[in-house]
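Each chain, written out:
4 protein chains.
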Amino acid sequence: MLIRSEYDIRFRLPKPTTMIAMLRLHPSVEHDLEGSEDLKVERIDQDQNREIPAREYIDSFGNRCLRFQAPMGTLRLSGTSLVRHHGNHDDVDDEARQHPVEELPDDILQFLLSSRYCELDRMSHIACELFGAIPEGWQRAVAIRDWVHDHVRFDYKSARPTKTALDVFTERVGVCRDFQHLAITLTRAMNIPARYATGYLGDIRVPYAGPGDFSAWYQVYLGGRWWTLDARHNTPRIGRLLMAVGRDATDVAITTSFGSADLIHFHVESNEVTQTGEKVPLPVAPAAAPAITASIAPLNS
Amino acid sequence: MLIRSEYDIRFRLPKPTTMIAMLRLHPSVEHDLEGSEDLKVERIDQDQNREIPAREYIDSFGNRCLRFQAPMGTLRLSGTSLVRHHGNHDDVDDEARQHPVEELPDDILQFLLSSRYCELDRMSHIACELFGAIPEGWQRAVAIRDWVHDHVRFDYKSARPTKTALDVFTERVGVCRDFQHLAITLTRAMNIPARYATGYLGDIRVPYAGPGDFSAWYQVYLGGRWWTLDARHNTPRIGRLLMAVGRDATDVAITTSFGSADLIHFHVESNEVTQTGEKVPLPVAPAAAPAITASIAPLNS
Amino acid sequence: MLIRSEYDIRFRLPKPTTMIAMLRLHPSVEHDLEGSEDLKVERIDQDQNREIPAREYIDSFGNRCLRFQAPMGTLRLSGTSLVRHHGNHDDVDDEARQHPVEELPDDILQFLLSSRYCELDRMSHIACELFGAIPEGWQRAVAIRDWVHDHVRFDYKSARPTKTALDVFTERVGVCRDFQHLAITLTRAMNIPARYATGYLGDIRVPYAGPGDFSAWYQVYLGGRWWTLDARHNTPRIGRLLMAVGRDATDVAITTSFGSADLIHFHVESNEVTQTGEKVPLPVAPAAAPAITASIAPLNS
Amino acid sequence: MLIRSEYDIRFRLPKPTTMIAMLRLHPSVEHDLEGSEDLKVERIDQDQNREIPAREYIDSFGNRCLRFQAPMGTLRLSGTSLVRHHGNHDDVDDEARQHPVEELPDDILQFLLSSRYCELDRMSHIACELFGAIPEGWQRAVAIRDWVHDHVRFDYKSARPTKTALDVFTERVGVCRDFQHLAITLTRAMNIPARYATGYLGDIRVPYAGPGDFSAWYQVYLGGRWWTLDARHNTPRIGRLLMAVGRDATDVAITTSFGSADLIHFHVESNEVTQTGEKVPLPVAPAAAPAITASIAPLNS
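Chains as they are written, first to last, in the numbering used here: chain A, 1 to 301; chain B, 1 to 301; chain C, 1 to 301; chain D, 1 to 301.
Worth flagging that the hints you see were computed from the coordinates, not collected in a lab.
Errors might be hidden in some of the hints.
[As the list claims (entries may be wrong)] A few chain B positions that, by computed beta-carbon distances, are all more than 10 Å from chain A:
1. Asp45
2. Leu109
3. Ala133
4. Arg160
[Stated by the list, open to error] Straight-line alpha carbon distances no greater than 25 Å define the calculated SDA-like cross-link-like pairs of lysine to any residue that follow:
5. C:Lys279 with C:Gly210
6. C:Lys15 with B:Lys157
7. B:Lys157 with C:Ser124
8. B:Lys40 with C:Pro105
9. C:Lys157 with C:Pro207
Ideal placement from N, C-alpha and C gives every residue a C-beta, glycine not left out.
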């Protein structure tokens with residue numbers, strides 16, 4: 001299967017600003033690339049675009065990061081890639097066993113610790129009460145994922161940069177990253193290494209679900225390897241393309257600006273395409289019942 | 001000046017639910033009423049509306065509260081009132097002095113304490129550092145109001161039911177109630193009694209500012225009486241109609257439901273009207289520069 | 001049974017300070033008083049003590065509060081009382097039914113709302129998951145009390161003025177007031193009115209448990225009356241003497257100072273006495289296993 | 001100057017537990033070692049001690065970590081080292097310039113981000129208001145350090161594992177690590193890389209200050225190198241021996257146990273010694289005024 005991904009993101013910068021972008025595919029995906037990844041950093045203007053020099057480096061998690069000094073004005077980050085994908089769903093293995101901590105590789109131990117959005121020190125009692133009775137390993141990992149999926153409601157408007165796993169646990173509403181943060185925290189609390197992942201998850205062989213965005217999911221370490229889990233969508237999917245992994249969203253922000261940067265345009269797409277580059281049509285969704293209106297608190301004027 | 005206020009609020013209730021509503025004007029406004037306040041609590045249906053019996057009581061803050069048992073289905077709360085208003089702006093007195101705590105009336109002392117959204121125990125050091133050097137009394141009270149107004153950005157989408165004064169201080173974004181909670185907390189920390197107020201604040205003799213809503217402001221106790229301040233709008237206004245006061249938003253929710261209740265319709269208006277009941281036209285706003293686009297974080301899908 | 005209570009509390013005040021003290025017995029206990037409550041507010045000095053005039057008022061919860069202007073120097077609050085007590089344990093009634101909210105008296109509704117230390121808005125999902133399946137009424141109320149008692153560890157050193165019910169839920173350690181705050185929050189979340197109580201709970205007909213202090217417990221409203229529960233001790237006790245009730249500890253602080261006040265002496269005792277005023281000896285505790293040493297985190301120098 | 005450091009730490013383990021210890025000196029100190037570092041991991045018993053095999057690895061921050069499987073029973077971690085130290089105070093350079101972010105080395109960028117105890121997303125407005133007007137570079141870095149030192153009170157009893165920089169900012173009381181977390185957060189918010197450091201800081205050429213402990217300080221990156229700052233002690237000191245660096249205390253815990261472990265003995269010392277190994281006597285402290293009694297809240301029984 002071929003997957004073509006593309007993005008076009010623009011910021012207005014009031015001042016020159018240093019930026020770090022994690023927009024390249026993860027090194028582990030590189031060998032599946034057909035041709036080279038195309039990526040442009042430009043200052044755009046009425047008359048002409050000017051390319052901004054950017055330098056790549058690998059961070060301590062193994063991600064490909066791009067750093068550049070963005071000039072004042074309008075900045076455009078755009079790119080496309082074509083990936084040959086095996087076409088299979090996310091891997092599943094009911095038998096994947098949990099490693100006792102003493103067996104874990106050294107560089108994996110860090111994914112058992114607290115991080116900005118994952119406060120194990122505040123959630124370990126809760127995790128033990130909820131999942132202590134479930135058999136270790138794969139079963140426990142997916143029980144956590146399912147619990148989060150079933151107990152948290154998605155609401156795009158509920159996003160905020162300060163929201164931690166405990167906030168998600170108490171408020172029970174969140175966006176993609178919030179679902180994963182809560183699941184990661186509960187998973188680590190049960191001594192299963194878990195890390196945050198970001199990348200493309202287009203509507204591929206599933207019905208259209210709205211305008212594209214980058215997506216977040218997470219990975220757990222069981223039976224000697226990392227497995228992909230997703231507390232938000234919670235069904236095995238086809239066509240995730242990994243961009244970066246880290247302790248939590250702090251480590252893998254798509255862009256980090258050291259100065260103000262107003263997002264003025266945002267377009268991301270990831271589609272299955274034919275050999276000739278045409279989009280493969282999506283299946284049609286079954287007719288759904290109308291959505292339940294969520295409660296709205298008055299008095300916000 | 002005559003002010004006509006009206007509201008029409010509807011909820012869908014999946015089950016019978018007890019509700020408390022603070023939809024009446026405050027007892028202090030009563031003598032300005034022209035005619036009686038009209039208020040209806042109804043279950044609405046295709047064919048007919050059925051009035052729901054409601055009982056009024058006065059809470060410990062002196063507010064008129066309505067309680068009723070709402071049946072399953074669609075609930076409508078609607079009402080109108082006509083108030084003769086003096087037409088003056090909110091009172092201002094640069095000389096209003098701060099009472100030493102020992103002088104304060106007994107029933108005012110409670111407005112120096114912490115409450116759900118006003119954590120004095122976490123903000124008193126901050127308040128002293130910011131406002132300790134400003135002369136006591138009126139000057140200090142408005143310095144606090146102005147600081148909050150200048151340092152917090154309004155964003156309708158930033159509302160959430162758990163947001164405390166400290167959250168507003170750190171996030172610097174909020175809705176009406178958030179501005180007031182932060183100002184109240186900082187004010188109490190400086191030993192000036194402050195309480196939360198809710199009511200109507202229509203666009204009266206100011207340009208149209210968007211669809212109506214109930215509004216929140218706050219009051220400070222100086223020189224032997226309560227004064228109206230508003231950290232959100234921060235200019236003296238004409239035509240506030242008080243509905244309820246309390247320690248913070250917890251005490252004066254427009255409606256409190258002891259069960260789930262989905263808001264499905266919300267209309268509030270408060271306008272100056274002529275003797276014959278016609279709306280007095282509003283002044284036209286001066287042309288404004290286009291609004292700056294606020295920064296939006298990606299990765300929320 | 002006769003209970004004699006006494007306290008002697010001293011503060012050093014660097015400046016004159018307004019204080020409010022809740023050191024009197026609650027009006028509901030008054031008719032059990034033998035003689036009058038003795039209470040002194042003094043400034044103490046090498047040579048002589050000088051009485052400080054204090055004025056009593058009743059707050060909105062019905063508590064007797066004392067307010068006075070304390071001069072700079074050493075302040076002493078002391079008092080004794082002798083109460084004729086029925087000698088029975090805290091009341092218990094397995095049949096006490098839960099009122100639907102619509103039946104609750106008006107002035108009790110406030111004890112269903114959030115307050116400074118009781119964030120219902122953050123804990124209602126948690127409460128429903130833990131206790132939603134337990135039958136309503138007495139059974140549910142004591143299930144909450146027992147859960148808190150069993151899941152929170154007492155540690156005197158864990159006290160802090162900012163600790164909320166959610167903090168207690170996540171940290172699982174606390175002092176007296178923390179146990180009650182968590183229990184109150186979970187109870188209110190299940191629509192049972194709950195309020196915070198403070199008073200004397202001496203070692204009466206139980207083995208000596210260490211130096212005395214004021215104590216905190218809580219009350220739930222079931223079957224038309226308030227019942228005493230105590231998530232800290234969690235066994236019916238004899239000889240509680242109520243001093244004050246409120247939404248949470250904010251409302252019933254033994255002393256509130258509007259300025260700095262360093263506690264330099266603290267003595268509280270409450271004992272059963274004979275008709276002639278001698279202390280009734282306590283039963284001897286069964287020999288206990290040595291206490292388990294709690295974990296101590298290094299790196300605090 | 002010669003510095004001899006030693007520690008003896010014991011835990012009681014109810015079950016076999018995996019542990020990670022950061023008890024070795026940092027690789028950067030290695031070339032100053034006289035002889036080899038002595039380090040023992042033992043299970044101790046009435047009759048005999050049994051050495052526990054431990055394996056060393058280097059984490060992503062460059063720290064030497066020891067991992068081992070501790071058996072049930074009493075675990076003892078002990079060691080000594082002798083280091084030849086230059087005898088100078090911590091380096092100071094008023095001219096050290098702040099790098100624009102675009103100049104910073106790749107592997108230093110991570111020390112500009114949020115971490116568990118350092119919530120930049122909640123403190124950046126505060127940092128800008130407090131320090132935005134102070135000249136960049138060394139001057140701004142020490143202004144932050146001094147502010148924290150002057151506004152936070154040390155209290156050993158105020159330690160808790162969940163305390164973040166924002167908690168320290170609001171509560172204004174903390175232990176060693178809390179001072180550094182607040183300073184690190186404010187420093188990063190001003191775009192100066194800052195990292196947490198832990199190691200020995202014995203009473204060397206300063207008066208005796210009480211029983212020893214490991215200590216925490218922090219480092220800032222200015223003028224092409226890391227500088228040691230210490231918001232707790234806030235005077236240049238002699239004889240810090242670095243053990244580990246990381247984003248915050250999460251990364252450099254002296255010991256991390258994946259299971260319960262009760263600390264039952266804790267002894268740490270770091271002293272200047274003569275060539276023959278005798279402790280160099282400390283200077284005598286000037287007579288001090290008696291300590292001010294801190295305020296103690298009653299009602300914690």
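Pairwise hint evaluation, serine 124 of chain C against lysine 157 of chain B, where the allowed Cα distance is 25 Å at most:
23 Å, holds
Holds or violated: are the alpha carbons of lysine 15 of chain C and lysine 157 of chain B at most 25 Å from each other?
46 Å, violated
Non-interface claim for leucine 109 of chain B, where every Cβ of chain A lies beyond 10 Å:
Check passes; 27 Å lies beyond 10 Å.
If you draw a straight line from the CA of lysine 40 of chain B to the CA of proline 105 of chain C, is it 25 Å or shorter?
Roughly 23 Å separates the two Cα atoms, so the pair holds.
Please check whether the beta-carbon of alanine 133 of chain B is more than 10 Å away from every beta-carbon in chain A.
Non-interface label stands for alanine 133 of chain B: nearest chain A Cβ at 30 Å, farther than 10 Å.
Is the claim that arginine 160 of chain B lies outside the interface with chain A correct, judged by CB distances over 10 Å?
Answer for arginine 160 of chain B: violated, closest chain A Cβ roughly 7 Å.
If I take the minimum Cβ distance from aspartate 45 of chain B to any residue of chain A, is it greater than 10 Å?
18 Å, holds
Distance restraint between lysine 157 of chain C and proline 207 of chain C, which requires alpha-carbon spacing of 25 Å or less
With Cα atoms ~23 Å apart, lysine 157 of chain C and proline 207 of chain C stay inside 25 Å; holds.
Does lysine 279 of chain C pair with glycine 210 of chain C here, judged by a C-alpha cut-off of 25 Å?
16 Å, holds
Consistency note: the structure conflicts with the earlier hints numbered 4, 6.
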